[in-house]
Amino acid sequence: MKRLFRTSYVKAGLTFIIALILLMVLRNPYYVGILIFLGINIIITIGLSLLMGYAGQISLGQAAFYGIGAYTTGILTTKLHVPIILSFPMSVLLTVFIAFIVGIPTLRLRGHYLAMATLGLGEIVHIVFNELISLTGGPSGFGNIPLIRIFGIELDNDYKYYVFVWAIVALIIFLSLNIINSRIGRALKAIHKEPTTASTLGINTSRVKLYIFTLGAGYAGIAGFLYAHYITFLSPGSFSLGFSVLLVTMVAVGGMENIWGAIIGTTVLTILPEYLRFFHDFDILIYGVILMAIMMLRPEGLYGIKIPLKRIRTND
Amino acid sequence: MNIGIQLLQYTLSGITIGSIYAMVAIGFNIIYNSTGIINFAQGDFVMLGGMTAVYFYKTLHLPLLLSGLSAVLIVMCVGILFERFVIQTLKNPSVITLIIITIAASILLKGGAMFIWGKDAYILPSFSGDKPLGLFGATILPQSLWILGFLFLIVVALAGFFRFSIVGKAMKACAFNRRAARIVGINVNRMVLLSFALSALIGGIAGVIVTPITLAHYDRGSLLGLKGFGTAIFGGLGNMPGAVAAGIIIGLLESYSAGLLSSGYKDAVALIILLAVLFFRPGGIFGKKEEQALKTF
Numbered sequence: 001m002k003r004l005f006r007t008s009y010v011k012a013g014l015t016f017i018i019a020l021i022l023l024m025v026l027r028n029p030y031y032v033g034i035l036i037f038l039g040i041n042i043i044i045t046i047g048l049s050l051l052m053g054y055a056g057q058i059s060l061g062q063a064a065f066y067g068i069g070a071y072t073t074g075i076l077t078t079k080l081h082v083p084i085i086l087s088f089p090m091s092v093l094l095t096v097f098i099a100f101i102v103g104i105p106t107l108r109l110r111g112h113y114l115a116m117a118t119l120g121l122g123e124i125v126h127i128v129f130n131e132l133i134s135l136t137g138g139p140s141g142f143g144n145i146p147l148i149r150i151f152g153i154e155l156d157n158d159y160k161y162y163v164f165v166w167a168i169v170a171l172i173i174f175l176s177l178n179i180i181n182s183r184i185g186r187a188l189k190a191i192h193k194e195p196t197t198a199s200t201l202g203i204n205t206s207r208v209k210l211y212i213f214t215l216g217a218g219y220a221g222i223a224g225f226l227y228a229h230y231i232t233f234l235s236p237g238s239f240s241l242g243f244s245v246l247l248v249t250m251v252a253v254g255g256m257e258n259i260w261g262a263i264i265g266t267t268v269l270t271i272l273p274e275y276l277r278f279f280h281d282f283d284i285l286i287y288g289v290i291l292m293a294i295m296m297l298r299p300e301g302l303y304g305i306k307i308p309l310k311r312i313r314t315n316d
Numbered sequence: 001m002n003i004g005i006q007l008l009q010y011t012l013s014g015i016t017i018g019s020i021y022a023m024v025a026i027g028f029n030i031i032y033n034s035t036g037i038i039n040f041a042q043g044d045f046v047m048l049g050g051m052t053a054v055y056f057y058k059t060l061h062l063p064l065l066l067s068g069l070s071a072v073l074i075v076m077c078v079g080i081l082f083e084r085f086v087i088q089t090l091k092n093p094s095v096i097t098l099i100i101i102t103i104a105a106s107i108l109l110k111g112g113a114m115f116i117w118g119k120d121a122y123i124l125p126s127f128s129g130d131k132p133l134g135l136f137g138a139t140i141l142p143q144s145l146w147i148l149g150f151l152f153l154i155v156v157a158l159a160g161f162f163r164f165s166i167v168g169k170a171m172k173a174c175a176f177n178r179r180a181a182r183i184v185g186i187n188v189n190r191m192v193l194l195s196f197a198l199s200a201l202i203g204g205i206a207g208v209i210v211t212p213i214t215l216a217h218y219d220r221g222s223l224l225g226l227k228g229f230g231t232a233i234f235g236g237l238g239n240m241p242g243a244v245a246a247g248i249i250i251g252l253l254e255s256y257s258a259g260l261l262s263s264g265y266k267d268a269v270a271l272i273i274l275l276a277v278l279f280f281r282p283g284g285i286f287g288k289k290e291e292q293a294l295k296t297f
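Which chain is which? The protein sequence lines are Y and V, in order. What the first sequence shows, in the numbering used here, is residues 1 to 316, in sequence order. What the second sequence shows, in the numbering used here, is residues 1 to 297, in sequence order.
Some hints here could point you the wrong way.
[Stated by the list, open to error] Below, computed lysine to aspartate or glutamate pairings styled on EDC-like, alpha-carbon distance capped at 20 Å: (1) V:Lys91 - Y:Glu257; (2) V:Lys119 - Y:Glu300; (3) Y:Lys79 - Y:Glu131; (4) V:Lys266 - Y:Glu257; (5) Y:Lys189 - Y:Glu300; (6) Y:Lys193 - Y:Glu300; (7) V:Lys91 - Y:Asp283; (8) Y:Lys193 - Y:Glu257; (9) V:Lys91 - V:Asp219; (10) Y:Lys189 - Y:Glu257; (11) Y:Lys11 - Y:Glu257; (12) V:Lys266 - V:Asp219.
Hints in this document: simulated from the structure, not taken from any laboratory.
Go ahead and model the full structure; you've got the sequences and the hints to work with.
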């Protein structure tokens, strides 16, 4: 039984079931909307956590890939009337392709240099969204992006979209857990611990890093696709440098060690602002305080903080 | 206006903005030299300098000179506090932790500034009037001359400090080899503290003197920091004269592209240069090929 729970099928399946139970419990459409965003954010941060925790690299440009995915499908479906079934692979492939081309020179860099290169890249993409007015509508954006229709069902309300998004989240978790336990995953762990040893053992370090960087970008592209067809309106503000930094914050707060840390961090930082409506404009200050506190007191993140459940049970 | 005068005009404004980039880059270099850390909050030090100067001048009605001085002092204190109570308390931090913690500092400064001063942009009066000076048909603001003057002053003072004072030499020793510096009796921790103080000080000065031209706004730090880092990389990380030259080159390119191509893409110019340098010559354009081969980036 215990072994069964360790398999990626069951973990991904359980995530989906928990999401469905949550949907039954929360009949408030407002909360459902928030949890859709949570699912979209989790897809991006899982990719980022593979890059940060497993490959030991940092990307401060993840919002750019998210934006490329969203804008590609938005422009294809509204301006060129491409059906969604085609715009999905096209937007994800374009994101992956751009990440691959950019990743080749970028991933030769390490640490601070990589962080700054991805930051610069994200900012350039953001400027292009703002300036390429004929395609992107510039700072005011564009709307009327069609809704998704699968198997003849149009995802026209939040409940249907919620199920769709969380099914994809479960798929992404399944895929990521298998990648971690594959040859590439083990290679990544080796690179993270001892890059020199890893390369002497015949691991092509830069190629493995490139794979994982492109994979993370692909996840962000999928998230961008989901975002575009949910909100049906895009403007550059959603893909700014601030969002890239927030994504890194989510992963760091939850814990970079594994993807569950990313999921916890994303959940905390997506739900928390809703309870802090009172401070609505000062969320950025609160993010700063949380991030600083976590990095100083518990740099490994929230994941794995031991709640003394056992002690309570033995006292009974 | 003929094209020659127009070009001269772009050149003058490019040099002005380039001087600010150079100052931010010098701030990056000082901390990098003594610790190997890239301080992602460097741009926010500049923002903080401008904001506090405005606060002293407009709200507390201090004279301009005193406002500027107190603002610079406050930024320096923030830099010292950040080093003493955050950076120094970390035990064996990884590069990712260091990156994230300076990002956290940047978010905190930005959020704090928004908390205190809101989302408005503020302006300081120019130090010596707003009457533009003519120069071969083009004009230059007196404030630009102040900026150039301060850059010159900072560069000369730093060169003197690192070359002639014992503390400056000790800091340089830490930059070359921390362990050896410790063995000869240099208090490395104190030098690191000093480098943060110095870097925040220069950031503060940059913030105060640029506010009469570009205004102060809580969200100005990140892009300025990014461009300043681009400048530092372009000139070779840790290389002070390189930073000045690179700042002026980037300022000029940005100003020409804003004037001749499109103003929307002017911010992209500095960033594309940053990426190109990172990809092809990560040691900077002034670094030697052989030297670069020995470093890891």
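Which numbered hints turn out to be false for this structure? Numbers 2, 4, 7, 9 - these are the hints that the structure violates, sorted from lowest upward.
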